[in-house]
Structures are given as C-alpha cells and as structure tokens.
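Novice: Sequence:
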Amino acid sequence: MPCIMSDWGLHGLLSPLLPDTSSWRPRPEPTIAVLGSLALLFICSCYRVGSGQAAPASHQPGAPTEERCPRRALQSDAVNQRLYRSLRDYAKRYSWSGMNRLHKGIRDQAHYQLGERPAIQKPSTFYLPDLPSAPYFPRESQRHDVEILELSYAAILREFESIAWDFAPGTPIPRGWTANATPGWHSYYLYRQGECMAQNCRSCPWTYRALSALRTFVSANRFGNACFSVLQPGTVLPGTYGPTNTRVRCHLGLKVPPTCELVVGGEPQCWSEGYCLLVDDSFLHTTAHNGSASDGPRVIFIADLWHPNVAGPERQALDYIFAPGR
1 MPCIMSDWGL HGLLSPLLPD TSSWRPRPEP TIAVLGSLAL LFICSCYRVG SGQAAPASHQ
61 PGAPTEERCP RRALQSDAVN QRLYRSLRDY AKRYSWSGMN RLHKGIRDQA HYQLGERPAI
121 QKPSTFYLPD LPSAPYFPRE SQRHDVEILE LSYAAILREF ESIAWDFAPG TPIPRGWTAN
181 ATPGWHSYYL YRQGECMAQN CRSCPWTYRA LSALRTFVSA NRFGNACFSV LQPGTVLPGT
241 YGPTNTRVRC HLGLKVPPTC ELVVGGEPQC WSEGYCLLVD DSFLHTTAHN GSASDGPRVI
301 FIADLWHPNV AGPERQALDY IFAPGR
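So the sequence shown is numbered by UniProt numbering: it starts at 1 and just counts up by one.
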C-alpha cells in the first residue's frame, strides 16, 4: 500500500511526461548567450530612458521648485497657463525673489475665484492670496495720495465742470465720454486699463498733475484706471465684483446728492464732497442714486491705487503680467 500511494505523488504523476534528465549536464554556451542577451536589453533600456529626459535646468535661487510648482494643475486652464508663462518670463528677466505669493495665486486661481459659487469677495480676474481684506480701507493706509487728491478737490471739480454736459437721455455723447453698460452711467477716462487717454488728459491738466503726484497710482497694468464717474438720478448699478484684490479704489466726492448710496461687502457708505473713500471693489458692491431729477447727478473722481500690502517686487511683476495688450 505505501508503494501505491507514493506513485500518486507529484513526481509519480508527472514523471512519464518529463524527459530523462539523469544524463543531462549544463553546457556553457547557452548560459553565456542568455547573459549576453540580458546585458544587451539592459543597455538598450538605459539608453531609451536617458534619451527621453532633458538635462536638468539650473535652478535659480528663490525659484519655486517642481515640488512646489505643480504645473499639471495649470494644464487644464489656458488662462492660468498664460499667467504662469508671463510670471516665468518675468522671473527669467529679473528674479524669482518675492514671487512665492504670486505663484501661489496663479496656481490656485480656480480655488480662490470659487467658480459660480456666491461669495462676498470674488475678483473676476486675479486674486492674490494672503492680503488683508476689508470692504473699506482707512484713510491712513494711503494718507499721502488721499491728501493729494483732497487738496486738489477744487481744481478737479472745476475741470469736471469744463467738460460736463447735461447727460440727458438721447443727448449726443461728447468726444471723450463713455456710455457704460447701465443707462444713466457715464465715465470720462484719463487712464483706462493702464493706458493713458492723452486727449482727455490734455483737457484736464490739473487733474493729470494730481495723478502724476500720487505714489501708488496703478498706471501701468490693466487694473489701473482714473476717471470721472457720473450717475444719473434713478440709476442703480447691480451687484458686481472688481477684477482684482491687488488694488484699492479711491473715490473723491465731487457732487454728492444726499440720496446716493454705496454698499460694499454688505456695508453701506456714502461719499462726501471733497473727501476720499477707499474701497476694495473685489467685494460684491452695488451703487444707487435714489434721488430725483432736481438733485442732479452724482459725480466722483476715481483713481485706482495699489493695495498697501502688495510689495514692490509684486507690483513690478503684476505690471509685467497684466501689461496693456498682453
């Protein structure tokens, strides 16, 4: 019985199918051929891997490393790719020093802008992270420029009156004025999206001089504007968001009827004639002139200033990235 059971083992079952190996001895030639083939395959594999990788570029001090710079996140968004290329071009010309916050903002724009979700602050074009945010800023944050504009109040008002017209519906719009999307709202630009309106500046020389004396006026990128803004009685500007949180809009009151109101981030305010109001328009904001025709239009002068916490290198990079026409 034990002999029978041993025949049912694995060797017993397979032995009729296997060749007799008792006389087999290893020969050196096949072994050498196999080892040579494996060595050749290894060399070919190394060559392919090496030829498919570019030599590592020199790393500039302060430049975001590949670990902190996931470019894959930018590939799905053409706008962010363009912004990243502009930032990279700027850094190549100058330096990566001080660009970490800008890089973070470009990388995560989709997150900061929150898509279609409602939010109290949601700039439509570019959000710079880690900036102190508030719907209104104190005068002290831009004291020098506020004082320049307030001291120029009389001259700016006088120049507005020299270019003003009756603003009645159906009246031909004089040269230099712009009719905005909402009826009853008109603007006269000295700077528009970073470009100087030379003819309008020549028509308002004192106002242009006041602008030239400002230390933080945004004059070289698409976020920078300076204009007279006129709102007719009964006009309401619906809630909207400005393009960026890197600027603060300075409103100098020129003619302000008592029935006008500005609401930024849910906080209502009103202008005062001869005084400046500093607004972060990346917050949801609405404007209304609830007066009658006898009250006349609301007139303010607007100048876009840098947010006080945007550093000098960041301002230069933003001027490069958002240069007019780029």
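No lab work stands behind these hints: they were computed from the structure. Small disclaimer: the values here were computed from a predicted structure and weren't measured. For each residue, glycine too, the CB sits at the ideal point set by N, CA and C. Honestly, I wouldn't trust all of these hints.
[Stated by the list, open to error] Quick list of simulated restraints, FRET-style, between CB atoms: (1) Glu147 <-> Pro258: 23 to 29 Å; (2) Ala293 <-> Ser97: 54 to 60 Å; (3) Pro118 <-> Ala168: 23 to 29 Å; (4) Pro183 <-> Lys92: 26 to 32 Å; (5) His144 <-> Ser187: 24 to 30 Å; (6) Lys92 <-> Thr171: 48 to 54 Å; (7) Asp166 <-> Gly239: 24 to 30 Å; (8) Ala155 <-> Arg175: 20 to 26 Å.
Novice: Check the structure against each numbered hint from earlier and tell me which ones fail, lowest number first.
Specialist: 3, 4
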